[in-house]
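**Student:** Protein chains in written order, with this note's numbering: chain L, 49 to 297; chain S, 702 to 1225.
There may be inaccurate statements among the hints.
Chain S is nowhere near these chain L residues, computed Cβ spacing over 10 Å in every case [unchecked claim]:
| id | residue |
| --- | --- |
| 1 | His-129 |
| 2 | Asp-165 |
| 3 | His-166 |
| 4 | Met-243 |
| 5 | Thr-294 |
Label-pair restraints from in silico Cβ distances [to be verified]:
| id | chain 1 | residue 1 | chain 2 | residue 2 | range |
| --- | --- | --- | --- | --- | --- |
| 6 | L | Ser-194 | S | Gly-1119 | 14 to 22 Å |
| 7 | L | Arg-188 | S | Gly-1119 | 19 to 27 Å |
| 8 | S | Lys-1054 | L | Ser-59 | 21 to 29 Å |
| 9 | S | Leu-1114 | L | Asp-165 | 33 to 41 Å |
| 10 | S | Leu-1114 | L | Ser-59 | 22 to 30 Å |
Sample of chain L residues at the chain S side, in silico, Cβ under 7 Å [said to hold, decoys possible]:
| id | residue |
| --- | --- |
| 11 | Leu-71 |
| 12 | Arg-132 |
| 13 | Ser-141 |
| 14 | His-147 |
Since the hints were derived computationally from the structure, they do not count as laboratory data. We treat Cβ as the ideally placed atom computed from N, Cα and C, and that holds for glycine.
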Amino acid sequence: MVLQAKDIRKSFGDNDILRGISLEVERGELISIIGPSGCGKSTFLRCLNFLEHPDAGDVRIEDVGLTSPRHWHRRDEAQAHRLRAHVGMVFQSFNLFPHRSVLENVMMAPVHVKKMDHEAARRIACELLKKVGLAAVKDRYPDRLSGGQKQRAAIARALAMRPSVMLYDEPTSALDPELSEEVLSVMRALDEEGMTQLVVTHDMRFARAASDRVLYLEEGKIVESGDPDVMFANPREARTRRFLRTLLS
Amino acid sequence: MIQTIARSLGRFIVCGLLVLGSAASVLTSCPAQASSALVVPGAQSEHDFPWASDGEANVPYVFHDPAKEGRVTGFEYELMGAIAQHLHRHSRFIQNGWDGLIPGLSRGLYAMVIDGIEMTPEHKEAVLFSHPYYVTSDRIMVRREQQGLESLAALNGHAVGTIKNTAAERLLLQQDNVSVRSYDEETNLFSDLKNGRLDAVLIDEPIAHYYGSDDMKLVGPPIGTVAYGIAFSKDNPALRDAVDNALTTLQHDGTLHRILARWNLWTPQMAAYTGDKTTLDIKPQAWEDYRRTMESMSGSSFHAIMYRYVRFIPLIGQGAVMTLAVSALAMILAVAMGVVLALGRHYGATSIKILCGTYVEIVRGTPLLIQVLFIFYGLPAFGIRLSPFVAGVLSLGFNYAAYEAENYRAGLLSVPRGQMEAAIALNMTHFQALRLVVVPQAFRTVVPVMTNDFIALIKDSSLVSVITLTELSQTYIRLSSTYYDYVGTGLMVGLAYLLIGLPFVRLARMAEKRLGRVIGQGHH
């Protein structure tokens, strides 16, 4: 088991976004998280690397565990920092650093966070960019890339830190279908290599075809989880069925 | 106009600071001085005799000799030389603006002030005075063709000009129906009489003699009595007594008489005051020299004027160096402090946010001039004494830091939140995220505004002239009022400001262009 989340809770004011979500992820799994907007799926993902501080709950990734404290202290931040060393994240809006070239975007964290030698970081970055098909545009600045290229660059940037788990927060929602395909094929290739991936997505075709497991979230809880073929063909819960029907009809 | 407002405001503040300063000096001046040796504040050696005056447009008291660049002269200047000699010391003149003269005395920057200061009861509350070294009266001066304005009563219904905070001003204000116009500079006062904005001028007789031209005349009898005294700090009666002794000797041995006669200022009134009925056979050499210089300048050839401007260049250069040094150091301080304030206000804990916010609001909400005066003249009351240069840099830097802080905060706000999140997700620390990701992007929006601020700061640096720094504006005031030349020197000084500012505009353009190329229209 590479990732374990236990009873994650989070509310914004009176609004309970997460009402106790638990999840165990095996190494190499690709898990899709689906559900209506506002169901808390993005918040859950962001709680896993503490971009959002959960109100309560445990997260353990590899050998680093952190129980959400009532008040966030410096030592908790230090522990979150250790935990993030094992997690990469990709955002819907890419969030590439616009003042740095693609290559520099990928090199930045290894050089500054891992204190990696500049040449070594460069070698790794070039390798990763080649893998995501961006070797030819590595010296461009982000605003000269297409959306699909931007997202692939963002994936390379996250991979450069050698994470055990990759989190994707609606990675293709801002992209046209054919550009989405560029990104999804990279994710499939990573799956083949054994990368553990959690994907919040609206792309049901991808969720069904590529996932090992699908989670259906509604109102801050996991309603149903299981094998995608089983769930899409024959959901156990009425609420899952209703969601899939409105989406697919 | 601005200058006038600034100076009158300055005067107002100085009064307040004076009260503060004298309160502090009461607290600190208790121990009796057992030694009989003279305590000379501001002295840099045992023979030093430092005194201050405002030598801008201050003929014939202490002024810059228009005939010889860099030479200071005047009857008070010569008198101080004679007193110093009598006390076996070396006279040293320190330039200070009129508003700063007494505060500087309270601060111990120098030992005494001589600047035609009238010995009024109000002044006597703030300082100790020597015996009067000159006694004179106020006189009415009008244009040559003017008729019938020969007494105070006759001035009713007319526009009459005088110098601020003088006996003459008080006399005029007591009249029922005089429209009183008060000036800082004699030069401006007399040019307004000449061009008809004023019907008459009421002023100390020596000034009337020296500033009046051929198309003006003195009318009516002398009005009232005005006595000038040398001012000392209240806690130094020993020095005052020593100078009084020297003055008495100089009166009796005729030295004072000779000095005044050279300046054409020995009058029946002075003879009566000193009891000296002799008539010395002395040519009013200084007076004649001055008149001749002024006449020769008014009819100057183009060549002579150009020659004079060339001689101004080193002086303007010195002023420009001072302006640039103060501005550049202040900007460095403002940038560094502004970054800290902006980060504190944006990311700090609540208490730090409030602290930074309060600083910004207070500093932005109060005039820079008050801050400059407070830091230089006010802080010594709390035991913090800064040199004029350091005080100037600090007050400008502290002030602009508040503006820079808001500027940078706007820059930080302009960077999308996702940038910080992406950096944190890549396991950067907050500090790394700021340094590598957020601040460089914020910088892009901040550069154009910073350029503006720096140019504004260069111009605002003229305010440090109130704390004795001779920078460009002060150089302009001095040259223009010495030579009655506001246009030519104005253009030269204006050009100097432009030349100082231009490199920064160029630099900012380059930075913008570079950043613009790097970041492009990139917006996600």
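**Student:** All hints are to be evaluated individually against the structure, with a verdict given for each.
**Tutor:** Status of the hints after comparison with the structure:
1. Distance check for L:His-129 against chain S: the nearest CB is about 6 Å away, which does not clear 10 Å, and the non-interface claim fails.
2. No Cβ of chain S approaches the Cβ of L:Asp-165 within 10 Å, the least distance being about 18 Å, so the stated non-interface status holds.
3. Every CB of chain S is more than 10 Å from the CB of L:His-166 (nearest about 15 Å), matching its label as outside the interface.
4. Every CB of chain S is more than 10 Å from the CB of L:Met-243 (nearest about 16 Å), matching its label as outside the interface.
5. The Cβ of L:Thr-294 sits about 30 Å from the closest Cβ of chain S, beyond the 10 Å cut-off, so the non-interface label holds.
6. Our hint of 14 to 22 Å for L:Ser-194 and S:Gly-1119 holds, since their Cβ atoms are close to 19 Å apart.
7. Against the hinted window of 19 to 27 Å, the Cβ-Cβ separation of L:Arg-188 and S:Gly-1119 comes to about 20 Å, which satisfies the hint.
8. A C-beta distance of roughly 25 Å is found between S:Lys-1054 and L:Ser-59, which places it inside the suggested range of 21 to 29 Å.
9. Evaluation of the 33 to 41 Å hint for S:Leu-1114 and L:Asp-165 yields a pass: the beta carbon distance comes to about 36 Å.
10. Between S:Leu-1114 and L:Ser-59 the Cβ separation comes to about 27 Å, which falls inside the hinted range of 22 to 30 Å.
11. The closest approach between the C-beta of L:Leu-71 and any C-beta of chain S is roughly 19 Å, which is over the 7 Å cut-off, so the hint fails.
12. A least Cβ separation of about 4 Å between L:Arg-132 and chain S falls short of the 7 Å threshold, and the interface hint therefore holds.
13. With a least beta-carbon distance of about 6 Å to chain S, the hint placing L:Ser-141 at the interface is held under the 7 Å criterion.
14. Proximity of L:His-147 to chain S holds as hinted, the smallest CB-CB distance being about 5 Å (cut-off 7 Å).
Checked against the numbered hints above, the structure breaks hints 1, 11 and satisfies the rest.
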